[in-house]
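Oh and the sequence shown: position 260 is 244 in the numbering used here, straight run, nothing missing.
Everything labelled a hint here was simulated from the structure, so no lab data went into it. Honestly, I wouldn't trust all of these hints.
As the list claims (entries may be wrong) - Here are the simulated BS3-like pairs of lysine-lysine, each with C-alpha atoms no more than 27 Å apart in a straight line:
#, residue 1, residue 2
1, 125, 67
2, 38, 28
3, 243, 253
4, 38, 125
5, 184, 230
6, 28, 64
7, 253, 230
8, 247, 210
9, 67, 44
10, 142, 247
11, 142, 253
12, 243, 230
13, 184, 210
14, 19, 64
15, 44, 19
16, 64, 125
17, 44, 125
18, 143, 38
19, 243, 142
20, 247, 143
Unchecked claim - Ranges of calculated distance between the beta carbons of each label pair, as one might list FRET restraints:
#, residue 1, residue 2, range
21, 9, 204, 38 to 46 Å
22, 242, 213, 43 to 51 Å
23, 60, 274, 43 to 51 Å
24, 138, 29, 25 to 33 Å
25, 291, 139, 20 to 28 Å
26, 288, 112, 29 to 37 Å
27, 145, 74, 30 to 38 Å
28, 104, 258, 19 to 27 Å
29, 204, 113, 57 to 65 Å
30, 112, 139, 55 to 63 Å
31, 28, 84, 19 to 27 Å
32, 28, 291, 38 to 46 Å
These numbers come from a predicted model, not from an experiment. Even glycine gets a Cβ: it sits at the ideal position worked out from N, Cα and C.
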Amino acid sequence: MTQVESTTNEAVKSKSAGRNQGHLVQSPIEQLLAKLSRIELSAKDHFEHYLRHKWRLNHKPRTLHSSFTSVRLFLEFYGKSGKRDLEAMERTDLEAFIEYEQDRGLRVSTVRTRLACLIAFLHFLMEQDLIPRSLLQRRIKLKLPEVLPRAMHPADVKKLLSGIDDIRDRVLILLLLRTGMRIGEALGLRLNDLDLQDRKVHLFQGEKNSMGRVVYLSDDVLLALKLWLRRRDPNQMFVFHGRGNKPICYSTGRSRFVKYIQKAGLEEKGYTVHCLRHTFASELLNAGMRLECLQQLLGHQDIEVTRRYARLTDRREDAIGGPFAGLRRPLHWECPSFPEKSRVNPADYQKNRPQGPGRWRD
-15 MTQVESTTNE AVKSKSAGRN QGHLVQSPIE QLLAKLSRIE LSAKDHFEHY
35 LRHKWRLNHK PRTLHSSFTS VRLFLEFYGK SGKRDLEAME RTDLEAFIEY
85 EQDRGLRVST VRTRLACLIA FLHFLMEQDL IPRSLLQRRI KLKLPEVLPR
135 AMHPADVKKL LSGIDDIRDR VLILLLLRTG MRIGEALGLR LNDLDLQDRK
185 VHLFQGEKNS MGRVVYLSDD VLLALKLWLR RRDPNQMFVF HGRGNKPICY
235 STGRSRFVKY IQKAGLEEKG YTVHCLRHTF ASELLNAGMR LECLQQLLGH
285 QDIEVTRRYA RLTDRREDAI GGPFAGLRRP LHWECPSFPE KSRVNPADYQ
335 KNRPQGPGRW RD
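Work out the full structure, taking the sequences as your base and the hints as a guide.
Structure follows, in structure tokens:
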């Protein structure tokens, strides 16, 4: 075992021990390596080194799991083709794997994600001089259909909100609708992230790209949130807490949304929980918000992603009848310095953030 691997093993054990002193908790890398040890694959040792490399680079557990699944599927396919050595890999092997995944009926976006994970693994092998760089001399592209973001109709939003009878569920759905947060970001909120006095929520690390930002609370969200904070367990750290001082999981949050969609009779319209974020963006653009400001509120790194919503805006401000009609417009909507003000430094937050259950400002 090399010195680097020995150091990594010690760091993994230290992280795992520090998370829960009374119980043995496996870190994400330990879980993946345990799975890998039970699988017969070609180039298994190189795969293990690659996973450790991504762990050292502090990649998120979700990214690690996605890479593990994609590379594992390719190596299994590669082994079934009769090949074992990586040096024998050809471009046709990659193209055959992509065709195999498409023939399984996977969506183009899923296949494209797997291809991106596989290419990252191949670049790692190239840096180790294990496969020739000519393998990826020509890029393999999968064209995605250009789909517009799906926003909810104002009448459907009213139907949805009118059927929510649980205060926690109402806060969660309103928060997604009025702030544009991703559901994972909302479920991960802690009490210390709330600033009710200034009507703000600090997202110190975005779910998708780790980019921190600030979002703002409308009147209805603020009222519902205050009611929920008075009723919830004050000893819990997370705003939407589950069992064992942990947040409720994504599947639970999604199932609550689906329940109220069905209750409102909207199940045939194909709305997903992410449509609340799309609705937030399209309504604010309709109300006259600048694209650069909306980019910061949504946490997009590339403004071209935000620009997709501009194609949905077909109403003028004086004709707005959607769920944001009458919403008090914050002063920062027209402020050129708003993007800079909305950025949050995660390093400063981790240094100053109180530990344990905190108190929200009111």
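To see whether the hints hold, each was checked on the structure:
Restraint check for residue 125 and residue 67: satisfied, since their Cα atoms lie roughly 25 Å apart, inside the 27 Å limit. Among the hinted pairs, residue 38 with residue 28 is consistent with the structure: their alpha-carbon atoms are about 16 Å apart, no more than 27 Å. In summary, the hint linking residue 243 to residue 253 is supported, as the alpha carbons are separated by about 14 Å, within the 27 Å threshold. In summary, the hint linking residue 38 to residue 125 is supported, as the alpha carbons are separated by about 24 Å, within the 27 Å threshold.
Straight-line distance between C-alpha atoms of residue 184 and residue 230 comes to about 23 Å, which keeps the hinted pair within the 27 Å bound. Between residue 28 and residue 64 the CA atoms are separated by roughly 15 Å; this keeps the pair inside 27 Å, and the hint holds. For the given pair, residue 253 sits about 33 Å from residue 230 by alpha-carbon distance, which is inconsistent with the 27 Å threshold. For the proposed pair residue 247 and residue 210, the alpha carbon gap of about 26 Å is at most 27 Å, so the pair holds.
With a C-alpha separation of about 32 Å, the suggested pair residue 67 and residue 44 falls outside the 27 Å cut-off, and the hint is violated. Under the criterion of a C-alpha separation no larger than 27 Å, the hint pairing residue 142 with residue 247 is consistent with the structure, at around 12 Å. For a cut-off of 27 Å, the pair hint linking residue 142 to residue 253 stands: about 15 Å separates their Cα positions. Restraint check for residue 243 and residue 230: the C-alpha separation of about 22 Å stays at or below 27 Å, so the hint holds.
For the hint pairing residue 184 with residue 210, the CA-to-CA distance comes to about 13 Å; that is within 27 Å, so the pair holds. A hinted pair counts as satisfied when its Cα atoms are at most 27 Å apart, and residue 19 with residue 64 qualifies at roughly 20 Å. Of the pairs offered as hints, the one joining residue 44 and residue 19 holds, with about 18 Å between alpha carbons and a cut-off of 27 Å not exceeded. Between residue 64 and residue 125 the alpha-carbon distance is near 24 Å, which keeps this suggested pair within the 27 Å criterion.
Distance restraint check for residue 44 and residue 125: the Cα-Cα separation of roughly 25 Å lies within the 27 Å cut-off, and the hinted pair is therefore satisfied. Straight-line distance between C-alpha atoms of residue 143 and residue 38 comes to about 45 Å, which puts the hinted pair past the 27 Å bound. At most 27 Å may separate the alpha-carbon atoms for a hinted pair to count; residue 243 and residue 142 meet this at roughly 15 Å. A distance of roughly 9 Å separates the Cα atoms of residue 247 and residue 143; the hinted pair therefore holds under the 27 Å criterion.
Roughly 39 Å separates the CB atoms of residue 9 and residue 204, a value that falls within the hinted 38 to 46 Å. Checked against the given bound of 43 to 51 Å, the beta carbons of residue 242 and residue 213, roughly 25 Å apart, lie outside it. A beta carbon spacing of about 49 Å between residue 60 and residue 274 agrees with the range 43 to 51 Å that was offered as a hint. With their beta carbons about 57 Å apart, residue 138 and residue 29 fall outside the hinted range of 25 to 33 Å.
For residue 291 and residue 139, the hinted distance range of 20 to 28 Å is satisfied, since their beta carbons lie about 27 Å from each other. Checked against the given bound of 29 to 37 Å, the beta carbons of residue 288 and residue 112, roughly 34 Å apart, stay inside it. Evaluation of the 30 to 38 Å hint for residue 145 and residue 74 yields a failure: the beta carbon distance comes to about 56 Å. Roughly 25 Å separates the CB atoms of residue 104 and residue 258, a value that falls within the hinted 19 to 27 Å.
Separation of residue 204 from residue 113 is about 60 Å and conforms to the stated range, judged on CB atoms against 57 to 65 Å. Distance hint for residue 112 and residue 139: a CB-CB separation of about 58 Å, consistent with the stated range 55 to 63 Å. The supplied range of 19 to 27 Å is met by residue 28 and residue 84, whose beta-carbon atoms lie about 21 Å from each other. Against the hinted window of 38 to 46 Å, the Cβ-Cβ separation of residue 28 and residue 291 comes to about 44 Å, which satisfies the hint.
Checked against the numbered hints given earlier, the structure breaks hints 7, 9, 18, 22, 24, 27 and satisfies all the rest.
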